[in-house]
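Q: Sequence:
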Amino acid sequence: MSSTPQHPDSPPIHPTGGEPTSLWTRFLSAAVLPKTVSAFEASYLARMNKIALWFFIAHLPVFMLVAWANDTGVVSVALMTLAVLAVPVLGCRAIESERRKSYVFAFTSMCMGGVLVHAGQGPVQIEMHFYFFSILAILALFANPMTVIVGAGTVAVHHLALWYLAPASIFNYDAPLWVVLVHAAFVVLEAFAAGFIARNFFDNVIGLEKKVEERTAQLRERNREMQVVLDSIEQGIVTVDASCQLLPEHSSSIETFFGEFVPGETFADYLSRSCVTTAEWFSMNWEALADGFLPMELAIDQLPKHARIGESSYDFEYRTKLDDSGELEAVLIVVSDKTNEVAREHAEALQREVLTMLERAMKDERGFAAFYKESTALLAKVEGASHESATSEEKRALHTMKGNAAAFGLGSISKACHELENAWGRSTLLEAETAFEALKNRWLELGETAERLLGDADEDTIRVPASQLETLLELAVDGGSEKLAAELAELLLEPTSPALERLESQALQIAERLERSPLKTHVESHGVRVQRASFQPLWSALVHVIRNAIDHGIEAPEERLDADKDAAGKISIRTQVVDGSLIVTVEDDGRGIDWERVRTKACEVGLPNETCDDLVNALFATEFTTRDSVSELSGRGVGLAAVANAIENLKGSISVTSLPGEGTRMQFVIPLETHSTQLVADSAQSRQTS
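The sequence shown maps to residues 2 to 691 in the working numbering.
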C-alpha cells in the first residue's frame, strides 16, 4: 500500500484523507514549523541566538544589583544566575540546530525570570512578574510558535512548583491557588498572541525567503527551458542594455559565430575578437544611438546590417525595447549566418556575369577590352578616397564606373559602386573603406575571368573587314597614294557603331528597370571612326545622358497615352561629321526639361540662372540635381558633370534643346583637329553626302 508524501509546508492531513477538523490538529498545524530550515532562517536564528546569549549574560550584574537592593543574598543570586547561564552556554555547544537552540533560550529566559522574582522579594516582587510577559513577547522574534510554547510551559511549571515548595520566591503574600491559575491564564493568553505573531513573522518574513527560493527555482527552470529553445535556434540571439552591455540570455549559436560569451561585456568588445572593423563600425554608431542626437530609428539604421568575418557572412537585425518613458531600455540583436546563402548567390551572380562578359567579349572584343582597362583605371583613381575627402573627379570616376558596369551587364559591380557612393555620402571612413574593399575584391574576382577571355588580345590590334582589304588592294594596284593613305588612316581609328550599340543596350536595360518598357531606340553611326583613346571617356560618360533621358524624360506608358503619345518612348543616338566636327546627338521624345525647376535648384545652390546658357551650365554642374532623393540610377548630380568633363577634355561644346511635352535633344560637338581624324572626317562626310 503506497502513500503520498506530504509537503513540509502543508498542514497535517487527516487520517481519513480529508481536511483537518479537530482543534488539536489545527493547533499543531499552526504551532509546528516545516522541518526544512532554509539558509536564511538558519542565519537569522544564529544571529538571534548569539544576541540572546549575550543578553542573558548581561543579566548577572543586574540581578546582583537587585539582590543587593532587596537584601536577598547577592552571592546566592549570582550563583543561581550562573547556574541558569550554564544551560544556554552548554546547550549552544552541544546542539547544532539553530531552531533547537532557540528552545533552550526560551527555557533559559523563564528561569531567569524566576531568579529575578526571587531576588526582588519585597514590595515590588509582584512587579517583577512583568519580566515573564515581556520575555514571552520578545520570544516571538524567534519566529517559532514552539519557542513561545516552551517558554510558557516553563513559567507555568516554575510557578506551580515554587508556589507549592517556596511560595515566598514568587509572591510577597500568601497567594491561594486561584491566584496562580490567574497568572497562568494570562501567560497562556499572551502565549497564544505571541505564538500567532511568531507564526506570521515566519510565514511573511522568514518563510518568504523560501518562497523566493521556490520562485527563483521556477524562474531558473523557465530560463532553462528558454535556453533550450534558444539553443535550438540557428540564429545568434543576444540582448544588450542601454549601455550596450551583454545580458546573460543568449543562444548557443552566438558563441559558435563569435566565441566565448561573457555577460557584462559590451557587444562591440565581443565583436572585436572576431572582426575589429565591424566592431569599430558598431561602436561608433552605437555612440550616436546612446547620445540621442539622431532619431532612434535612424540611429539603429546606421548600425551594421551585414558583415563578412573571415570566410563567413552575417546579417544583423536590431529590435528595440523601450521603457515606460519611451527611453531605450534594451536592444535584441539577431545574427543570421548567411555564409552558404551568400556563397550560393555569389556563385550564381558570378556565373551570370561571366556569361555576360563572354557574350560581350565575343561581340565587341575591343570595346570590352577598353571597358576593362578603363574601369580598372577608374577603380585605382577612387582608391583611398573617403566620405570627406572624395573630390569631384573621384566622384565622377566612380559614377562612370557604375554606369559602364551596368551597361556591360555587371550588376554586382554597379551595385558595389552604388554602395560606395552611399558610404561617401552619409557614413564613416570605416564604412567607406569596407565598401571600397567589397568593390575591389569583386572587380579582381571578375578581372581574372576578363583577362582569361581577352587572353593576348591587344587593344592596338586592328580588325579589318575583307571588303576594305579588297579596296586597299585595288588602290595599291591603281597607285592612288592619297586615297590609300586616307583608307589606311581610317583603319587606325575605331568605329563609333559599337559604342552606340552599347549605349542602346544600356537604354533598354534602364527602361526595363524603371518600367518604361517598351522603349524604341534608333542608332546611326554614319560610318564615323574616331581615335579610341581620346573618345573612350566620352562613350563611358554618355551612359549618364541615356540614364537621365529615361529616368527624367521618358514618361511611363500610361502618362504617354494620356498625352496622346505612343505608349513606347523613343531614344535616338547618332554620330555624324559636319563641317569638320563630330556631333554626337542623344534625343528623346519625353516630357522635356523643367527649366523652372532647374532655375529654382540653381538658385538654391548659388549657381548663375539668368540666361539659357546659365541653365544649361547648371544642368551639367558638379553635384547639381533636380531630384530630392537618391536612387541607384540617379539623383547624385555626378553623371552629367562627368559628361561635361569629358567634352571639356575634347575641347568640345554642349548644346541642349528641350520643349515641354515634346522631348529633349542634347548635342555634343567635338572639333576633329588631328590629321588622321580629319582624313576620316573627309571620308565619312563624303559617304554621308553620297
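The reader is advised that the hints may include incorrect statements.
Restraint ranges, calculated between C-beta atoms of paired labels, are given here [stated by the list, open to error]: (1) E649 x K322: 31 to 41 Å; (2) F262 x E214: 41 to 51 Å; (3) P168 x E210: 45 to 55 Å; (4) E210 x V33: 44 to 54 Å; (5) I58 x E256: 49 to 59 Å; (6) A381 x E288: 29 to 39 Å; (7) E611 x E525: 29 to 39 Å; (8) F294 x K322: 18 to 28 Å; (9) L220 x T26: 33 to 43 Å.
In case anyone wonders, no lab produced these hints; they're calculated from the structure.
Every residue gets a Cβ at the ideal spot worked out from N, C-alpha and C, and that includes glycine.
Q: Hint by hint, which ones does the structure fall short of?
A: 1, 2, 4
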